[in-house]
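Peer 1: Each chain, written out:
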Amino acid sequence: MSYDAVIIGAGLSGLAAGIRLAYYGKRVCILERHTTIGGLNSFYRLAGRQFDVGLHAMTNFTPKGTRKGPLARILRQLRFRWEDLALSPQVGSQIAFPGVGLSFTNDFELFRSQVHEHFPAEKDGFEKLASAVIDYSDLNEPVAAQSARAMVAGWIKDPLLVDMIFCPLQFYGSAREHDMDFGQFSVMFRSIFLEGLARPWAGVRLILKNLVRRFKLLGGELRLRAGVRQMVTEQGRVARLVLDDGSSIEGQNVLSSAGLVETMRMCGGPSGEAPESGQLSFVETLSVLDEQPSTLGCDRTIIFYNDSDRFHWHRPEELIDVRSGVICCPNNFEYEQPLGEGMVRITALANYDAWRKLSPEEYRAAKQAAYEQINASAVRFVPDYRSRVIADDTFTPTTIKRFTGHDNGAVYGTPQKRRSGTTHLKNLFICGTDQGLVGIVGTMVSGILMANRHVLETSREDEAEIIAASAEI
Amino acid sequence: MSPPEIKEAILDILESIAPDEDVTNVKDDVPLREQLELDSMDFLDIVMELRKRYRVQIPEDDYVQLATINSTVEYLAPLMKDLQKA
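Chains A and B are the protein sequences, given in the same order. No gaps in the numbering here: position 345 of the first sequence is 326 in this note's numbering, and each next residue is one more. No gaps in the numbering here: position 81 of the second sequence is 178 in this note's numbering, and each next residue is one more.
Hint data in this document are derived by calculation from the structure and do not stem from the laboratory. Some hints could be false.
[Unchecked claim] Below are the DSS-like pairs computed for lysine-lysine, each with C-alpha atoms no more than 27 Å apart in a straight line:
no. : chain 1 : residue 1 : chain 2 : residue 2
1   : B       : Lys104    : B       : Lys182
2   : B       : Lys178    : B       : Lys104
3   : B       : Lys149    : A       : Lys407
4   : A       : Lys49     : B       : Lys104
5   : A       : Lys338    : A       : Lys382
6   : B       : Lys124    : B       : Lys178
7   : A       : Lys45     : B       : Lys124
8   : A       : Lys104    : A       : Lys138
9   : A       : Lys190    : A       : Lys45
10  : B       : Lys182    : B       : Lys124
11  : A       : Lys382    : A       : Lys190
12  : B       : Lys149    : B       : Lys124
13  : B       : Lys124    : A       : Lys49
14  : A       : Lys197    : B       : Lys149
15  : B       : Lys149    : B       : Lys182
Every value quoted in this text rests on a predicted model; they were computed, and no experiment measured them.
Let's have the full structure, built from the sequences with the hints guiding it.
Peer 2: This is the structure we're talking about:
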């Protein structure tokens, strides 16, 4: 069977790319190794309950009627109405560090006034930072690649404020340890502080199911349990894809959301320019409560916390790093009706290799211990909800590796992003996390951009077009 | 297709691209980029929709002709005059 385009991975980027191509009459097949869709942003059932994976909150939220920005762009490109994503904005979030907390909502003025209040000496520096982020354009490549730490240090002197600004941005999208490049920093700053956080009442499944429905209505084909084992190459092109079951499939173009390193492995990419695998993975704990979290005093949407003098963003030496983390209550969004049960999710940095080496018995014990340590760490920043937990689950870097296929369970993929999406093979392109756009909206933008650029407008060769189009993200 | 029919076709396309917009309020002589905040990806979509719906090919150099409703209709009129209304 031959297609105009074969897409590897039925996550948000692959589905968005598939919709674009199917809409314009291309024969498209999406191949997904797992039994379910979603990839990095997915969902599962356990003991009759629905759990989300990945999504705490969707960033890049802008209200209905907004015509600019990434959310407006994906709605237009995918022909969705704003209501189709059923987004409810956050109640309010916080960055909690030793001795100081900064609150933020989807109104940037609150965050600005919080910074002015707690760091009066940094008022001017923060304004300079904010205008640099607003003015930032990906067309300015020398600036995009610069160290964000170095640039921010030029405006803000207090390392505590610098760390407090970096903490949420790194947790929500930095594949690079210690630092970010200024381009990624600006994109993340806008998506969280200048735009905002929201969530559909039904969770990420609502977005995924809308995408799949649209894709199939347009005639797209989705194959689950269809992992790609190998790409057979001929004359600098992917000639066919060999699936896990040994069958073959052909496509004029191949878009891969499987990750850059992982995709190169499938096609025996040039060893000389092999990108490095990402190192940053997470443990996440999910606790179901017998009460709404706000009733217990846990009334924030997200709390990014850190208990140390400095915020450390790197792979821990041990199984987990409990000094910092993200606490999310999916209940605390402005829904029309409350969620049925209370839920607290906590994310902390973890070391894939340390988890991988454990025996099955050690793994079970380590998972239980990690749950207890992470929640004990978190209750220093929110009221103690632990006596109200009626069910829990924990997933680790090895779980993430199993379901996403990413080396090292690296949620944000390789630090070496492939912004152009091109590879050494003429008809193979990278989309999704490793193309360099993260978050639910970001990764959909990536799928759309790559489908437009490399399949729908193949006659056009100006590289600047993609960069220009990404500039406003 | 007559110029009024072409205008109707353009508005249909705009409506499909931006389902949240009320296209009946779009002014004929104000740039679409300004009125609807359309960006380069959206203009590419207008071009691709015209190709999909009416098999009209628009070279990249002519995209500037799509600035307003009036300029678009004027540009498309000779290209679409022999087409039947869809």
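Peer 1: All the hints need checking, so say for each whether the structure fits it.
Peer 2: Status of each hint after checking the structure:
1. For the given pair, Lys104(B) sits about 11 Å from Lys182(B) by alpha-carbon distance, which is consistent with the 27 Å threshold.
2. Between Lys178(B) and Lys104(B) the CA atoms are separated by roughly 12 Å; this keeps the pair inside 27 Å, and the hint holds.
3. Under the criterion of a C-alpha separation no larger than 27 Å, the hint pairing Lys149(B) with Lys407(A) is consistent with the structure, at around 26 Å.
4. With a C-alpha separation of about 25 Å, the suggested pair Lys49(A) and Lys104(B) falls inside the 27 Å cut-off, and the hint holds.
5. The straight-line distance between the Cα atoms of Lys338(A) and Lys382(A) is roughly 14 Å, inside the 27 Å bound, and the hint therefore holds.
6. About 23 Å separates the Cα atoms of Lys124(B) and Lys178(B), which keeps this hinted pair within 27 Å; it holds.
7. Taking the CA atoms of Lys45(A) and Lys124(B), the gap is about 22 Å. The hint holds against a cut of 27 Å.
8. Among the hinted pairs, Lys104(A) with Lys138(A) is consistent with the structure: their alpha-carbon atoms are about 11 Å apart, no more than 27 Å.
9. Between Lys190(A) and Lys45(A) the alpha-carbon distance is near 21 Å, which keeps this suggested pair within the 27 Å criterion.
10. A hinted pair counts as satisfied when its Cα atoms are at most 27 Å apart, and Lys182(B) with Lys124(B) qualifies at roughly 23 Å.
11. With a C-alpha separation of about 23 Å, the suggested pairing of Lys382(A) with Lys190(A) holds against the 27 Å cut-off.
12. The straight-line distance between the Cα atoms of Lys149(B) and Lys124(B) is roughly 25 Å, inside the 27 Å bound, and the hint therefore holds.
13. Proposed proximity of Lys124(B) and Lys49(A) is supported: the alpha carbons are some 19 Å apart, at most 27 Å.
14. Distance hint between Lys197(A) and Lys149(B) is fulfilled; the C-alpha atoms sit about 19 Å from each other, no more than 27 Å.
15. For the suggested pair Lys149(B) and Lys182(B), the alpha carbons sit about 14 Å apart, so the restraint of at most 27 Å is met.
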